[in-house]
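**Student:** Modelling step: build the complete structure from the supplied sequences, incorporating the hints.
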Amino acid sequence: MNIAEFSGLDVDAMAATLVALNADYRKGEPQVSDDEYNRMRDVFVNVAPDHPFVNKAEGDLIDGKGRIPHPIPMLSTEKAYTWVELYKWLDKVEKRAEDLGFEGELMIRLTPKLDGCAGRFAATAKERFVTRGEEGYGNDFTALGDRLVFVGDDSKNTVGEVVCDEAYYQEKLKPADVKHPRNFVAGLITADNISALGQKALEDGAVRFVSYQSMAGTKVYAASDLRKMQDQLDDIELSIINACPYRTDGVVFQVDDDELFLQMGHNDSHHYGQMAKKIAGEAVEVEVENVTFQVGRTGRLSPVINITPTEIGGVMVSNVTAHHAGNVKALKIGRGAVLDVLRSGEVIPFCKEVLKPADEANVHIPDACPVCSAEVQWVNDFLECTSSTCAGKVAAHLQFFTKTLNWDLIGGKAAEKLAEGGIDARGILTVDHATLVSLGFGQGQAANIIAERERVFASGIEDAKLLAALGVRMLGQRASRTLLKERDITQVLSFTVDEIAAIEGFAQKKARVIQAGLAETQALLSDMLLHFTQIQSSKVEVTESPITGKSIVFTGAMVLGNRNEMSKHAESLGAKVQSSVSGKTDILVTGEKVGASKIDKANKLNVTIMSEADYVALVGQ
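Numbering follows the numbering used here, in which position 526 of the sequence shown is assigned residue number 650; successive positions increment by one, without gaps.
Errors might be hidden in some of the hints.
Derived pair list, reagent style DSS-like, types lysine-lysine, alpha-carbon separation capped at 25 Å [said to hold, decoys possible]:
id, residue 1, residue 2
1, K352, K541
2, K634, K352
3, K280, K298
4, K216, K343
5, K692, K708
6, K480, K456
7, K476, K298
8, K589, K216
9, K280, K303
10, K700, K725
11, K663, K212
12, K212, K480
13, K725, K219
14, K352, K700
15, K609, K589
16, K589, K633
17, K674, K663
18, K219, K633
19, K692, K663
20, K352, K692
21, K708, K634
22, K343, K324
23, K633, K708
24, K609, K700
25, K216, K476
26, K708, K728
27, K456, K589
28, K674, K609
29, K456, K476
30, K352, K589
31, K480, K298
32, K609, K541
33, K219, K352
34, K212, K527
35, K692, K216
36, K728, K674
37, K589, K212
38, K589, K634
Hint data in this document are derived by calculation from the structure and do not stem from the laboratory.
Small disclaimer: the values here were computed from a predicted structure and weren't measured.
**Tutor:** See the structure below:
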């Protein structure tokens, strides 16, 4: 069954299909790829988000095996396929930690996500191995466990994964037509009679139970540091995966404090303090047919590697991203090159490795824009179109612009048609029905576009979204929100480079790029301010107070209000609210159940410490 066939089923049939596919997967007999299954599940979640199947862990129960209760539920791990999703999870984790009154630095443990069969080991007088299972129960596979190599401390209770050594799989099992090491170990767990191949693997010590607490490649970072390492995460992810001698399909991010992790709780399917960043699918060897270039909203020419159509992760793939033109040039990617390609979740497949470079004559880097034929220029590793009116650039910005503003009906084809007709982001704010029809839009389509525009104009919208929609480099919604706390959107063009650079999170180089981008888009911003009538300001109105200009940390459980409310109120009084005590902190406000670490640090740094009551008296709240 493919995704299209699945999408045509009713809700009950979808659920039954997913249950059956999951059962086959757990038995080591998958009928679809991981990617295809996850896509089906995503479709189902969108159709029936409250269905019981969505809100429970996908189990490993084995028919006919003894059912054993778990002392603590073994749940599935919530999955993310992009770093954006991972950071959203980190936002929630930090908020939960704060609400729980957690003291100290929030640390996140990164471990390989093993692609095996999860289970629990009980270090009791009668040692026992139990599958993850479902609804609080797992199946006893101790009979097999006695023959497993235990990796970790077998004197303690632990959870882990049954896996096969990757080198052994490549040398012994893959030539014997074993499709996947996970399928192999799943078959061992479920089998009543183990095959000769399985017996041999067990005798050779290739099948192992790996404790999650003992995995090679584990790294631990402060949550605050992870936020500063966005450009390093791909490399960190690969280093963790490469350090692991077993098959992996991603990295697990988990709160490193065990007590805090449990306090954060869980729903029926996953723990809140844990997220798996998936790298789904296996690398597939492909041959390059051609490399073409697409123009983005900033004018960058992004290379697209055209490959011989190949099934990767259950999906027929014909295009692969090469990231930037510098990559194409340095790695000699062109017709005849052979690549190792990986498809991750719903993300466009990417080149993992160049196995065979192309001949020099087949590597072509454009010397003109493929859309408008204007001159191109190198900016570090990137090629950029120099024309401000390039239709490719305009179309890409139109898509970004409307999507940011929650403006529907402007897809890729519509954006191209508008750009070819000379309509850019400013033009779409005022274009009339007749003009749209003259550009090739149908009467009804044109009317719908106009109606959607009027809806967006009348809707309330945050000023940060308006600013981000300009498409200025390095000025996304988060950065826009920070900028607009300092100055109203109507005054944002008055920022100097030095004034932007003085704001926390904005270095000099970033400030120069943003200031130049704002100057280039001032006409568009002026037009937007004329049409959007319900703008919600990010700027906090400041009232002069005893804490104006002070840096404050709130800690512990507050009696008179929650910490979020107190933080917002403090900002309105001109204070800067910090998450942790540092040399820049002026005041530490303590509530109930305060840990000693922040108090000790504040004392060492000569920070003023006051109770919630004293603080309230100070600010007159």
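**Student:** All hints are to be evaluated individually against the structure, with a verdict given for each.
**Tutor:** Hint check results:
1. K352 x K541: violated (40 Å)
2. K634 x K352: Holds. K634 to K352 sits at ~15 Å (cutoff 25 Å).
3. K280 x K298: Distance of about 34 Å is beyond 25 Å: violated.
4. K216 x K343: holds (21 Å)
5. K692 x K708: holds (19 Å)
6. K480 x K456: Given pair K480, K456 holds - Cα atoms ~9 Å apart, limit 25 Å.
7. K476 x K298: holds (21 Å)
8. K589 x K216: holds (21 Å)
9. K280 x K303: violated (34 Å)
10. K700 x K725: holds (19 Å)
11. K663 x K212: holds (23 Å)
12. K212 x K480: The given pair, whose Cα atoms are some 38 Å apart, is violated under the 25 Å limit.
13. K725 x K219: holds (22 Å)
14. K352 x K700: The given pair, whose Cα atoms are some 20 Å apart, holds under the 25 Å limit.
15. K609 x K589: holds (14 Å)
16. K589 x K633: Judged against 25 Å, a Cα distance of about 23 Å means the pair holds.
17. K674 x K663: Roughly 18 Å separates the two Cα atoms, so the pair holds.
18. K219 x K633: The hint is violated at about 31 Å.
19. K692 x K663: Holds, at roughly 11 Å.
20. K352 x K692: Holds: K352 and K692 sit about 24 Å apart, inside 25 Å.
21. K708 x K634: holds (23 Å)
22. K343 x K324: Given pair K343, K324 is violated - Cα atoms ~34 Å apart, limit 25 Å.
23. K633 x K708: Roughly 24 Å separates the two Cα atoms, so the pair holds.
24. K609 x K700: Answer holds: K609 to K700 is near 11 Å, not above 25 Å.
25. K216 x K476: violated (31 Å)
26. K708 x K728: Within the cut-off at roughly 13 Å; holds.
27. K456 x K589: violated (40 Å)
28. K674 x K609: Holds, at roughly 16 Å.
29. K456 x K476: At roughly 14 Å apart (the allowed maximum being 25 Å), K476 and K456 satisfy the hint.
30. K352 x K589: With a Cα-Cα distance of about 23 Å, the restraint between K352 and K589 holds, given a limit of 25 Å.
31. K480 x K298: Distance ~23 Å between K480 and K298 Cα, so the pair holds.
32. K609 x K541: violated (38 Å)
33. K219 x K352: Judged against 25 Å, a Cα distance of about 18 Å means the pair holds.
34. K212 x K527: Between K212 and K527 the Cα gap is close to 19 Å, so the pair holds against 25 Å.
35. K692 x K216: holds (18 Å)
36. K728 x K674: Roughly 18 Å separates the two Cα atoms, so the pair holds.
37. K589 x K212: Judged against 25 Å, a Cα distance of about 17 Å means the pair holds.
38. K589 x K634: It holds: about 19 Å lies between the C-alpha atoms, which stays within 25 Å.
The structure shown violates the earlier hints numbered 1, 3, 9, 12, 18, 22, 25, 27 and 32.
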